[in-house]
Amino acid sequence: MHFDFTDEQNMVRDGISRLIREQYDWDTRRKVVESDSGWRPELWAQLAELGMLAAPFPEEDGGFGGATEAMIIMEEFGKGLAVEPFIPTVVCAGGALKHGGSAAQREEYIGGIISGEMVFAFAYAEPRGRYDLANLETTAKADGGDYVLNGHKAVVIGAPWATHLVVTARTSGGQTDRDGVSVFVVAKDAQGVSTRDYATVDGRRASEVYFENVKVSGDALIGDADNGLPLIEKVVDEATAAVCAEAVGAMKVTNETTLDYSRQRKQFGVPIGSFQVLQHRMADMLMEYEQSVSMCYLATIKLDEDDATRKKNVSAAKVRIGQAGRFIGQSAIQTHGGMGMTDELAVGSYFKRLSIIEGEFGSVDHHMRRHIALTAG
Amino acid sequence: MNLEFTEEEKAFRAEVREFIDNNYPENIGTRGVQDEMSREDMLAWHKILGKKGWSVPAWPKEYGGTDWTPTQRYIWSEENARKNAVMPLPFGVAMVGPVIYTFGNDEQKAEHLPGIRSGDVWWCQGYSEPGAGSDLASLKTTAVRDGDDYIINGQKTWTTLAQHADWGFFLCRTDPDAPKPQMGISFILVDMNTPGIEVRPIKLIDGGHEVNEVWLTDVRVPATNLIGEENKGWTYAKFLLAHERSGIAGVARSKRGVEQLKEIAKAEMLDGKPLIEDMGFATKISQLEIDLSALEITELRTLAGEQAGKGPGPESSLLKVKGTEIQQRLTELTLEAVGHYGAPDFRSFPDDGSNDFPIGPDYAHHAAPTYFNMRKTSIYGGSNEIQRNIITKMILGL
Chain A
1 MHFDFTDEQN
11 MVRDGISRLI
21 REQYDWDTRR
31 KVVESDSGWR
41 PELWAQLAEL
51 GMLAAPFPEE
61 DGGFGGATEA
71 MIIMEEFGKG
81 LAVEPFIPTV
91 VCAGGALKHG
101 GSAAQREEYI
111 GGIISGEMVF
121 AFAYAEPRGR
131 YDLANLETTA
141 KADGGDYVLN
151 GHKAVVIGAP
161 WATHLVVTAR
171 TSGGQTDRDG
181 VSVFVVAKDA
191 QGVSTRDYAT
201 VDGRRASEVY
211 FENVKVSGDA
221 LIGDADNGLP
231 LIEKVVDEAT
241 AAVCAEAVGA
251 MKVTNETTLD
261 YSRQRKQFGV
271 PIGSFQVLQH
281 RMADMLMEYE
291 QSVSMCYLAT
301 IKLDEDDATR
311 KKNVSAAKVR
321 IGQAGRFIGQ
331 SAIQTHGGMG
341 MTDELAVGSY
351 FKRLSIIEGE
361 FGSVDHHMRR
371 HIALTAG
Chain B
1001 MNLEFTEEEK
1011 AFRAEVREFI
1021 DNNYPENIGT
1031 RGVQDEMSRE
1041 DMLAWHKILG
1051 KKGWSVPAWP
1061 KEYGGTDWTP
1071 TQRYIWSEEN
1081 ARKNAVMPLP
1091 FGVAMVGPVI
1101 YTFGNDEQKA
1111 EHLPGIRSGD
1121 VWWCQGYSEP
1131 GAGSDLASLK
1141 TTAVRDGDDY
1151 IINGQKTWTT
1161 LAQHADWGFF
1171 LCRTDPDAPK
1181 PQMGISFILV
1191 DMNTPGIEVR
1201 PIKLIDGGHE
1211 VNEVWLTDVR
1221 VPATNLIGEE
1231 NKGWTYAKFL
1241 LAHERSGIAG
1251 VARSKRGVEQ
1261 LKEIAKAEML
1271 DGKPLIEDMG
1281 FATKISQLEI
1291 DLSALEITEL
1301 RTLAGEQAGK
1311 GPGPESSLLK
1321 VKGTEIQQRL
1331 TELTLEAVGH
1341 YGAPDFRSFP
1351 DDGSNDFPIG
1361 PDYAHHAAPT
1371 YFNMRKTSIY
1381 GGSNEIQRNI
1391 ITKMILGL
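As given, the protein sequences belong to chains A and B, one line each in that order.
Residue numbering for the first sequence follows my numbering, starting at 1 and increasing by one per position.
Residue numbering for the second sequence follows my numbering, starting at 1001 and increasing by one per position.
I should point out that these hints are in silico values taken from the structure, not numbers from a laboratory.
Small disclaimer: the values here were computed from a predicted structure and weren't measured.
Ideal placement from N, C-alpha and C gives every residue a C-beta, glycine not left out.
Among the hints, erroneous ones may be present.
Calculated cross-link-like contacts (lysine-lysine; reagent style PhoX-like; alpha-carbon spacing at most 20 Å) [to be verified]: (1) B:Lys-1083 <-> B:Lys-1255; (2) A:Lys-266 <-> B:Lys-1393; (3) B:Lys-1273 <-> A:Lys-252.
Derived CB-CB ranges, DEER-like [as the list claims (entries may be wrong)]: (4) A:Ser-274 <-> B:Pro-1350: 58 to 68 Å; (5) A:Asn-150 <-> B:Pro-1361: 55 to 65 Å; (6) A:Asp-14 <-> B:Gln-1260: 29 to 39 Å; (7) B:Lys-1010 <-> A:Leu-50: 54 to 64 Å; (8) B:Gly-1305 <-> A:Leu-50: 27 to 37 Å; (9) B:Asp-1271 <-> A:Ser-35: 53 to 63 Å; (10) B:Glu-1004 <-> A:Asn-150: 39 to 49 Å; (11) B:Glu-1385 <-> A:Gln-334: 12 to 22 Å; (12) B:Gly-1053 <-> A:Glu-49: 12 to 22 Å; (13) B:Gly-1397 <-> A:Gln-334: 13 to 23 Å; (14) B:Arg-1013 <-> A:Asp-14: 35 to 45 Å; (15) B:Thr-1235 <-> A:Asp-343: 45 to 55 Å.
All chains should be modelled from the sequences, with the hints used to inform the complete structure.
Structure (structure tokens):
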């Protein structure tokens, strides 16, 4: 039992943290977020060069790690509120390919991810499906050896930057059946794919993605037809753990910023940090953060265990971190007073990102229900 | 990162489990409603462990400790919780013992440590006073030097289980003129049979007699009972409080409590279905279980740090706050779960020897008293507000 990182993991941490610190200062991020493209392809190339995009893949796919490396990278992303699509590309699409892909798919697509040439978005959510991964109106009909996709995917994060999509679609069964879900890789420029692009409230870019008679070959199917749900559940759990790590990084900076502000800001002739009511709130923020770190570790460590153990611990982490993120974000704004309401300070952006993370890959209520289903028996 | 136990740790778990299963005295009660248990029952497991050499695992080996790693001690507490074991009381083992072997002289060590290890000597803690709770340093009990003795006068309160105590460790003011209140306090060991000591029971809201007032009137104790230096007692007292807080998270015991709560929620019915199937109640249980998971990993992180040579620091305040919140929540939910049968007072049940018409299920009898009793946890050992002050000062640096 230990919580140490390997030398290699420490090198990943050092590398990514230096990159974020040196190249992702607050003003730079603001300019990037407000730019036309909304991200930094040149930073993505640097991530590839540093090996960060390879970090969570096994050696046979050209990588050198797994979930812990993804956790470390996303924690540092969270500290800088980096918007680049590491989770959609590396964790979601990369995860689907590494767990379900054929040798040929892995070579082509994981190779493309690691080199930085291919950027993926993960088109799994639908307007009426909420957090149920099996609730799909998007269909893929077999047509000879091909499939024809029709449907509408909601809030596909990073899609405006993507070259490829990993898409879930129903190949058989009723709208919410566990069986009949299949997973495809689709080039974004394929005939019949269209998008409406927009910004998100937390500084990222996303799209509504529409499929109209999009024809893909049988080679586009990841894993077995009709049996894609277990694969997608695993991938989404890995993504949930990764976004938990991002939240932990964001919470850390939010707490530090708030503590710092409480030392600077004077009222009644003294720093507001000398008021016990604010001190105790900040002590609570610290405790919420530490509990979140613990849950982030726990979820990451349990990702490779059996399905029930993995789901239970990931859900426990997402519940705890969702709650902690809300408390810390709201407390940070409150402690900053009117300044916390302005668009001028970084703290507002941390609050917004934490607020949106709360609903990503399942809300507190969703994960609470899943935890109950797995533990109340 | 790795949560696996090593082969040696697994073997250790098997060894202690076997020892506990073979040696734990089955005929003693469970603590929680403490005055139900006799002094002998409360000491029974302590004495068995004393003979085995396992009663003071955290002490240095030279004083009778075990050399167990923090992880092994964690396993030890888990295995005891599994049995719902009545563990050695903390006053000797976790509080005064470490003070004596750290700050005491050779005579004091020789006189007192064996009795603490064996469970033959019962200790109590003379810290709080009616006017000195969270502001402990304002204590007024005095010890005045008179030849080879100190003469102690004053009143202590909240003295847990002092009705059974053979010895007590007392904070007394020896220099009323010290520039700061903390600087005039001494740490003195007192034989509770000394003339002038009166122990008066305080009845608590759970109906039990767990704590006492201790009145000291011209109590004459040998000056050789002073620990360390005169007027340095505050240093030893703070050392002790930090020791008291580590292990206060009570994770293993709370885990067992959650299992018991689930059993109750499966047995109780709501709308014709087990209570545990009600989303509202199930959500409360899951929340508790999730919070407990977080606390467990936080404690393991602290233990891992300790194993790497970092002493228990201010993060023990976090363990105290979160641990006691969970312990309290557990007792709240247990009382909620038992429904109507939370109300009957088991102390008033007819003592007619009949089991034919039991008053509610057994698991309900202690639900309310335990809930009432556990409110103490966020007050004792430095209230949870004081813990937040410590976090503010020591971690946030404000």
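Going through the hints against the structure:
1. B:Lys-1083 <-> B:Lys-1255: Answer holds: Lys-1083 of chain B to Lys-1255 of chain B is near 12 Å, not above 20 Å.
2. A:Lys-266 <-> B:Lys-1393: With Cα atoms ~19 Å apart, Lys-266 of chain A and Lys-1393 of chain B stay inside 20 Å; holds.
3. B:Lys-1273 <-> A:Lys-252: Violated, because 44 Å separates the two Cα atoms, which is more than 20 Å.
4. A:Ser-274 <-> B:Pro-1350: 58 to 68 Å: holds, 59 Å
5. A:Asn-150 <-> B:Pro-1361: 55 to 65 Å: Check passed, 58 Å falls within 55 to 65 Å.
6. A:Asp-14 <-> B:Gln-1260: 29 to 39 Å: With a Cβ separation near 47 Å, Asp-14 of chain A and Gln-1260 of chain B fall outside 29 to 39 Å, so the hint is violated.
7. B:Lys-1010 <-> A:Leu-50: 54 to 64 Å: violated, 39 Å
8. B:Gly-1305 <-> A:Leu-50: 27 to 37 Å: About 30 Å separates the Cβ atoms of Gly-1305 of chain B and Leu-50 of chain A, which means 27 to 37 Å holds.
9. B:Asp-1271 <-> A:Ser-35: 53 to 63 Å: holds, 57 Å
10. B:Glu-1004 <-> A:Asn-150: 39 to 49 Å: holds, 47 Å
11. B:Glu-1385 <-> A:Gln-334: 12 to 22 Å: Once the Cβ atoms are compared, 20 Å apart, the range 12 to 22 Å for Gln-334 of chain A and Glu-1385 of chain B holds.
12. B:Gly-1053 <-> A:Glu-49: 12 to 22 Å: violated, 59 Å
13. B:Gly-1397 <-> A:Gln-334: 13 to 23 Å: Holds - the Cβ-Cβ distance for Gly-1397 of chain B and Gln-334 of chain A, about 21 Å, lies within 13 to 23 Å.
14. B:Arg-1013 <-> A:Asp-14: 35 to 45 Å: holds, 37 Å
15. B:Thr-1235 <-> A:Asp-343: 45 to 55 Å: holds, 51 Å
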